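K.L.:
Here is how the chains run, residue by residue.
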Amino acid sequence: MRTFPEPAEVSREVRPAPPRYRNEIGKYGIHRSSRCVDCGRCVETCRYGVHVRPEGYLHVMRPYDYRCIGPDCKDTGICCIEACPRGALKLSANPVSETMGDHRWTPDLLLSTWAMAETGRPPGTHLESEVGASGGGFDRLRFRFPDSPPAGLRREDISTRLPLNRRGDSRPRITIDVPWYGGGMSFGSTNIRALLGKARVAKAFNGFTCTGEGGYPERFIPYRDHVITQVATGLFGVREETIQRAPIVEFKYAQGAKPGLGGHLLGDKNTPSVAAMRETVAGVSLFSPFPFHSVYSVEDHKKHLDWIAHVNPRALLSAKVSTPGDVDMVAVGVYYAGGHILHLDGSYGGTGAAPNVAKKNIAMPIEYAIGRVHRFLEAEGIRDRITVIASGGIRTPADAAKAIALGADGCVIGTAELVALGCIRCTACESGRGCARGIATTDDALLELIDVEWCTQRLVNLYAAWRHALVELLYRLGLDSVSALRGRTDLLTHLDYDDEA
Amino acid sequence: MKREGAGIREIDAGRVRALLRSRAHLAPTAMDGLVPGRAGMPTGLLSRPPEAEGGCGVTGFACTIPVGGKHIYEPSIQMRNRGNGKGGGIAACGLVPEDLGVSRRVLEEDYILQVALLDPGARGEVEAAFIEPYFDIDHGGLIPTVDDFRDVPLLDVRPPDVARYFVRLKPSVLSRFAEEKKLGAAGLSEREVEDEFVFQNSIALNNRYYASLGDKRAFVLSHARNLIILKIVGFAEAAVQYYRMPDTRAHVWIAHQRFPTKGRVWHPGGAHPFIGMNEALVHNGDFANYHSVSEYLAARDIYPQFLTDTEVSVLLFDLWNRVYRYPMEYIIEALAPTTELDFDRLPAEKQRIYRQIQAAHIHASPDGPWFFIIARSLAETGEFQLMGITDTAMLRPQVFALQEGEVSIGLICSEKQAIDATLASLSGEDPRFTPVADLYWNARGGSHADGGAFLLTVSPADGHGWPSAGTGRDAHGNTVPADGHGWPSAGTGRDAHGNTVPAGGHGWPSAGTGRDAHGNTVPAEGPYRLRVANKFGKAVSTVPDQRHCDLSAPPVAPPRADEDTAAIERCAREGDSNGFFAHLMTRLPVMDFDALRWFVDRWADRTAAEAPAVGVEALTLCMDRRYPTGDKKRSSLLAILRGGLERIFERQPLCDGERTGTHVRVTWETRDRLRGPRPGETTLLIDARGFPPEGGECDAELAVKAYRAGWRRLVHYNTRGTRFHGVGLGPGTAALRIDCYDNPGDYLGSGMDGLEIRVHGNAQDQLCQISKRGKLVVYGDVGQTFLYGAKGGEAYVLGNAAGRPMINAVGSPRVVINGTALDFLAESFMAGSPHDGGGFAVVNGLQYDLHGRLLPLELPYPGGNLLSLASGGAIYIRDPHRTLVDEQLNGGAYRPLSAADWRLILPYLEENERLFGIRIDRDLLTVDGSLRPPQAVYRKVVPRKDAEAESEMEGQGE
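Protein sequence lines correspond, in order, to chains A and B. In this text, residue positions in the first sequence follow numbering that gives the first Met the number 0: the first is 0, and each later residue adds one. In this text, residue positions in the second sequence follow numbering that gives the first Met the number 0: the first is 0, and each later residue adds one.
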């Protein structure tokens, strides 16, 4: 077997993973004027690492102001501005941060995700790290916490494990350690190093990542037990061996960000290595059709699943569908066709490569779809025989918990992982070779902007921080497992209807 | 049949208005007033069918003799995997009076009102409210069932009791209704008024006891003349069993396996078929525009009650048929509009009419994948009809088949294997049927050629221009009694009303058939004729002077048998399968069927023990090749050759025994004792009988095990739609060869990476998806989405590919299709340049006619969207008369064939010649009798950007 540059073993241990840039974007700016005399009071005062004077140096370095928590530390005795005897420090809002993101992925959500990815700990309270500013969806949902959690509940006893095979058939009973896993991103759309980071964090957390539709890179093989092979409508790079090697095979019927549209990889992004992986010709634009040309009905769908089940008799079958008006029927159809996982992909997700007009206008919002499917499956008496995974705009652990409380078993995350790797949501992913952060690219030079170890650690930290937040939330709700949260809509409130609740 | 050919201007607006107005009270809101305390149907229900379902399995056949329900049983079982056991149903049309315990007059004149009693206690109420006040009941009662539904396999929900009434409307009710509703004044005949009353009465009954209730108590299954529907929660064949219909005979049968996505189903209201007036419809697919269709119907005071898109389909059909009185062609046009290039190819007058039809009814045209099979009782003419209609985009699978002879049968199914299962079942009981159809074909949806629809009409032989010999009249005005085994020598009778009385007995009059001097059966004039025509009325038929073989007669040695014996001996000894084929070709014109059977049997006996490889190879060659068969039907010839193969197969040692040989056989019973090959053993024969069509126990799965155990030549035979042959074997299978006989199913060869698969006959859908390397040879047609997403490999197809072959293929797949493709050939093809290792398709546009002659098709490629939206690859089409036009392209361009192109495709055409005997000089490059250079025969289609680049290169060269 070939050897690979990175070690196959991955630790779940949190280690600092600082940003790749000297001057990372933060919410605040700290300006040090020429009045500074390098007395070092600021270095002694600040607990957040904004001010650094390396051992043996005289000068205090230029502030790492992205770490600054802003005016919150005023009057606490740890404020550098107050501490400076010369009045040389000035705090201001960083106008750059305000230019990032959008109402769904607000600057605060981006910054808090970066903070979690760097430290593996909860982001500071100076950031709104739970909700965005979309004015709807998860942003208007809140948990109702009891006044105090039940006595005797210990955080370390809270289970976040999620079983994926509930059919009780002969296929493996796979259980993952946290109730989310990484979504499909194709080789071709995304830097292989980022993809490897995703695969490695999947291994570390006993979870999964997914190939997307661009084929199965050989470098994934050491993580094969944690890689889902996706069979999408273009069937690019799908081979029997990649199906046979996967513990889970995912059928991508549709994507919530663009139902009714297939993927489209522009010719520029189809580099020789991408073309080889997809068994195509470099430079040729590649489109995935919508839908599967061999599947126009539920019995075709069953046949389609039977096909993969025949090729790999041990794989679990997952069907990724968007959320049309009859999503409940689709859900039941997935179950009766033999699916183990129903993956509902709502409309809030999608990287920059999904057209805006589609992202904003087509699919049903995921929070509606989850509840509808959950109740319908319950009425059918099959809710406990299929795993429902929600995706499409799961940005935070709070979003994940809300999706579960609405009736999902777990979540798939996509954009959040890319943000952890430094994505600034400029939403120009499709241009491919131009990703400023070296993430959504196959350009040889841009690939160098990140490395696998760093990606891995950032994601390990993110997962650790998410798990921590989820456990904390379950603790406050008085629940001893994430499965106990499923369908507990009574624990949620919607700000728009707060009075009615 | 004066309506045939009627123009739109002949529509009687007064009639339409009167009929539609007469239904105003049927609106659910209006019904509120009629039935106190009843909530109207919430309008929200119009938004989508709550009984959502996707596709299903549909099957049907129409036959010149009535045959028992057990024959719809086999094809239904074959298509179980297209349903989920939560809904199945059958319809039978053209029944036999004594099977139903009524007289022929009653059968033909009365309406057969069948009510499903979900609540058995509802019967009295239903009769009192909806039957006794209006109808004279000639016969009525609960239909028989088996005692305990649990005795029927796979039946989990007790089917409803069904009350059947043979009724006529009371004359007083009829005249009152005609007057009140002003139907008589609108020019409707009494029978038409009576039809309308029956129709409306059923709607009202359903509203009272089904549609408007929380607890559903009863609904009308059917109310047609000489047509009945039964449906259950379960598989379709269980309906035949439960209602004890295996021996109930009918000319036309249809069945439906449903796949409702709603799991908890306790009654069969949503199952198919659905009744219109005198037609039953089954449907595979679903609509995207249920709402729009429902609104269209609501505007005409028609409201769905069972809330499935199948129901609205039959309501549309009935509306256009009985209210608007459209000829069938226009109904089909309204359902599946002709568009794009096909529209342009219609005659101007048709375009004018079709444009009006589309303008008027496009909102009701079902949008989405669908395929309908409709059984109709044309009670006024005594005809029975079966029709299949596919949507314009051909998104559901469909196969038509025809067998003509002493008895004739036309079949329509979702999968070819179901057709063959029907024929196997029939031929097992009656030697006048042959297990192979004479003709199999696909419809091209919404096309100018066939309109995507075929009508199979069973007509009484007399009164329609058919020879009247052998028919007569029954002076008693009653059924001519069957004498147990045949029909009185009169053949058919006519009752007092002048209606034809068709055959009733099991057998056939001995006087009518006979054997000629050579011992072959000769056809007799039967009382019924089958005619098949497409949407435009163009007939489909087989060669009239060819005959079937009676396989039940003993084989007879021919004169000069010693010559044949010597040839057999020599070919067997020398392993000369080509010699065997050559000998057969010289002897075929002079041999009769019985001699041929003797010859094939001798060959099988001679080779079975000592040289099975050459035995199989020779017979296979004779089956695979096309050649003139003279007065013999090719279907019979195939049955004989296939019988010879079976004779060889069944003598090969089983895998669990001591005996060994080059060929070893494994069966369902011995599958657990499958082992690797012993020294000298080369070939594993897998007898697919008994294996399920998919899943861990299917024969394709066994093949994977066999391959892993070391077998490198596998033969699947007696396949009946087993899926996934050649799938799951993993990468690097170049050493493996698989041969499939009979009916291998969908997905064959998908993912293949090196192996060679030969399909000896027609193949089904989704072949060679994502195939990477290897070779596929199909000695027949292939179905939908052939080579979808393929990366490479070679494929040779003797016949046609259905819709969307090579769609989304990339890399280097190379294909020769000797027939054509229906539509969307190589859409989104993303292969590399063919001259740089990339993929291409060669389309020869040829077909063998029923005489075995190779002829060019009228158009080498009739469809649109040729190489549409492709970014790479090429298509080479044999088009010597330059029939392809720019309108068939979408992003592609035509280019002349270059010398380099010819060098590229020549080796593939040479292999094509070796495989199929289609010669490059004689068959491909000869046009109208003279040999032409390749560039005058073939044209190339490439993506436009490649064409531009090519032009530039040429410009630079000059």
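Keep in mind that the hints were calculated from the coordinates and are not lab data. The structure displayed is predicted, hence computed values, not measured ones. For glycine and all other residues, C-beta sits at the position ideal for the given N, C-alpha and C. Hints may be right or wrong, so weigh each one.
[Claimed, not checked] Reference listing, derived: stretches of chain B covered by chain A, where coverage requires no fewer than 3 residues with Cβ under 8 Å from a Cβ of chain A:
hint, segment
1, 234–243
2, 720–727
[As the list claims (entries may be wrong)] Here are some chain A residues the structure puts well away from chain B; computed CB gaps all over 12 Å:
hint, residue
3, A7
4, V51
5, P53
6, G135
7, R172
8, T232
9, E239
10, E298
11, H300
12, K301
13, L304
14, P312
15, G332
16, L445
K.L.:
Beyond 12 Å on every Cβ pair: is that true for A:A7 relative to chain B?
P.N.:
Answer for A:A7: holds, closest chain B Cβ roughly 23 Å.
K.L.:
Closest CB-CB distance from A:R172 to chain B, is it above 12 Å?
P.N.:
holds (18 Å)
K.L.:
Are all C-beta atoms of chain B more than 12 Å from that of A:G135?
P.N.:
holds (23 Å)
K.L.:
Between the segment 720–727 of chain B and chain A, see if three or more residues pass the 8 Å beta-carbon test, and mark the coverage as holds or violated.
P.N.:
Answer holds; 4 residues pass the 8 Å Cβ test.
K.L.:
So A:P53 supposedly isn't at the interface. Is its beta-carbon more than 12 Å from every beta-carbon in chain B?
P.N.:
holds (54 Å)
K.L.:
In terms of beta carbon proximity below 8 Å, does the segment 234–243 of chain B have 3 or more residues touching chain A?
P.N.:
It is violated, with 0 qualifying residues against the three required.
K.L.:
Could you let me know if the closest chain B CB is still more than 12 Å away from the CB of A:E239?
P.N.:
Violated, because the least Cβ-Cβ distance between A:E239 and chain B comes to about 4 Å, which does not exceed 12 Å.
K.L.:
Regarding the assertion that A:L304 does not contact chain B, is the least Cβ-Cβ distance greater than 12 Å?
P.N.:
violated (10 Å)
K.L.:
Does A:V51 really sit off the interface, with its C-beta more than 12 Å from all C-beta atoms of chain B?
P.N.:
Per Cβ check, A:V51 is outside 12 Å of chain B; nearest 53 Å; holds.
K.L.:
Can we trust that A:L445 is non-interface, i.e. its beta-carbon lies farther than 12 Å from all of chain B?
P.N.:
holds (25 Å)
K.L.:
Can we trust that A:E298 is non-interface, i.e. its beta-carbon lies farther than 12 Å from all of chain B?
P.N.:
violated (4 Å)
K.L.:
Measuring Cβ to Cβ, find out whether A:T232 lies farther than 12 Å from everything in chain B.
P.N.:
violated (8 Å)
Hints 1, 8, 9, 10, 11, 12, 13, 14, 15 from the earlier list are contradicted by this structure; the remaining hints agree with it.
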